[in-house]
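Engineer: With chain A fixed as given, assemble chain B onto it according to the hints.
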Amino acid sequence: MTGGRQATVVGIGYSSVHRELGVDTRPLVVDASLAAVRDAGLTPAEIDAVFEYPGAGSQLATNVQRLLGIGDLTAYGDLGGSGPSGLAAAMAAVAAVESGACDVALVFRSVNREWGQQSGKIVVPPAANAAQFSLPYGDFGGIIPSMGLRKYRRLAELGGSEEDYGQIALNARTWAAMYERGVLTKPLTMDEYLSSRFVAEPLRLLDCDYPVTGACAAIITTAERARDLAGRPVTIDSVAFGTGSRPDWTFSDDLLFGGTIGCARRLWEKSRVTAADVDVAELYDGFTHITISWIEALGLCGIGEFGDWVDGGKRIGPGGALPLNTNGGQLAAGRLHGLAFLTEAVAQLRGDCGNRQVPDARVAVVANAHGPQCGAMVLIRE
Amino acid sequence: MILQIPTEETRMSKPAPIPDQASAFFWEGAARGELLVQHCADCASFQYPPTVICEKCQSRDIRPTRVSGRGTLYALTVMHQAFLPIFAENLPFTIALVDLDDAPGARLLTNIVDANPADLTAGDPLEVVFEPRGDYAVPQFRPAGPALGGAA
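Protein chains in written order, with my numbering: chain A, -13 to 368; chain B, 15 to 166.
Please keep in mind that the hints were generated in silico from the structure rather than gathered at the bench. As the structure is a prediction and not an experimental result, all values here were calculated from the model. Careful, some of the hints might be misleading.
Claimed, not checked - Examples of chain B residues toward chain A, derived with CB under 10 Å:
1) Met26
2) Ala30
3) Ile32
4) Phe40
5) Trp41
6) Gly43
7) Ala45
8) Val81
9) His94
10) Gln95
11) Pro99
12) Phe101
13) Ile109
All C-beta atoms in this analysis are idealised placements derived from N, C-alpha and C, irrespective of residue type, glycine included.
Only chain B is shown next, with the shape it has when bound in the complex:
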């Protein structure tokens, strides 16, 4: 069997994730508009990206756990060159690392949307949004709105 490797010549849309056994919950959750990360039932660690075992205690009992989608900006980079040509129309766009507020230890690589990155600094509060992509959706982050319940 010949594995056909897609190239930019054949790819007409942004790459959709191809889940594996350990990550399917993450992408399927995103497609429903839910952000889930692995939480270890034995040592209570959170981890990302999803994998087959708890990297802290080697437990196999790692459970997909829904989190609020609130996060904190760790770092960002503004792409001025489209290494993937399909992203050229989006230049400049922002790639970021975001720490999840209610899943300490889980840091996502993601995009920042609906913001001018020059207005952001490390530590800023963010919230998740989902961009549909193929059969799934890609979690991205934007500056957080007022917390639910609001200030009195």
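This is chain A alone, in the form it adopts within the complex:
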């Protein structure tokens, strides 16, 4: 919080989520945005800022402004490239709201299933620039090979077992079965996890999130404005970025944790609570390795201690001491790419989660991406 303006989430919204290809995301981002605006008790005319994280299936902030009939914006941005994926839009909104650049910000992430080349049409760039050091070796497919390298190195350096990774995958299915927007809702056994095919061995198919087409959105304003609104506000207590000291997905000087450790340290330094106060954690699971990194980086357990800490999954499941990814995350509720960790945390803190509700959840931690693109937030219900 700066200058007395406290960023606060006052609304969240989702579109329908699709597994088929070829879905136009424009109606979806409108649905998610309008749902968030309504949830906040606002009208589109009261929005004065729009931020989004661009990518395949997204729409520019100003395109959505036009679709929603929003007037002149005082702040806006498309936070792509190097930012902490979908959370980057919300982090920019916090800065804009707390600085006074805007009063009511709409943030969204709109993504399609084709992103990451799921459409069957593969376009390979020339082996130039950064790609000259990867493509000639067959390193292609986004960060998938680098995630295989991370899993291999972690098992070699920190020990543990493949079952540790499996607990993240199983946990996602358990929670998704209780979520109305869950996509992969069939329970997963450890045998099924351990027999899922290798993509970049030791990385398995079920270590990877599930691509979907859809959108989610949130409204961020000041605590002062929130008091006049119908919605139940959730305070954004702390925000932190992290890149690591040699930021790169492959040539990092900390392949296992990247920027997560520095990001987590700054997050807690700026927060009025501690890791011990966390009631629910919504941590990026584009790949299972990422979630384990964040759990350890955030100090929810010690470095290398995840396997013992997770206690066969009991710790992070329903009724556990630290419920994790309570809507199934991207592994089981689909890749809405980052922002849905924030919206699920808000839903939990507002007590809106029905049979998957974490009892009396007051403090949530949200973390996004990995490597050179880290971002995290602490959210508190006052």
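Structural biologist: Chain B in isolation, oriented as in the chain A frame:
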């Protein structure tokens, strides 16, 4: 001018590197069967990939330096899916990160060849070999043979 982006439909062979001003020495050296990395004349850091400045001390005096080609396995991953279709015939193949023994701080992304990856573990000694690729060659690594000079 229209930039023609090659796709797998048009690409008939594995991608050859397209050097830039900072990296030309690396690929040209590889074509001669030599492994060179940047070494800073001011702070003595090694770095990889090649770039325009020393990332440690910002010196511009970074000199291509030939190294022995001996390395240590940091991590590997065995690709079971060919994200580049041209690599499908090679499945499974191994991508690895290798630390260069005589250039601390220089870690290459590369391939492991002439080995069953299941027989390797992090820390194993490796040595460079070169696969010709277009006008250049791609440095790859295989399990190290006995050190030159051998054990007495």
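Engineer: Of all the hints given earlier, name the ones this structure violates by number, lowest first.
Structural biologist: 1, 6, 7 and 8
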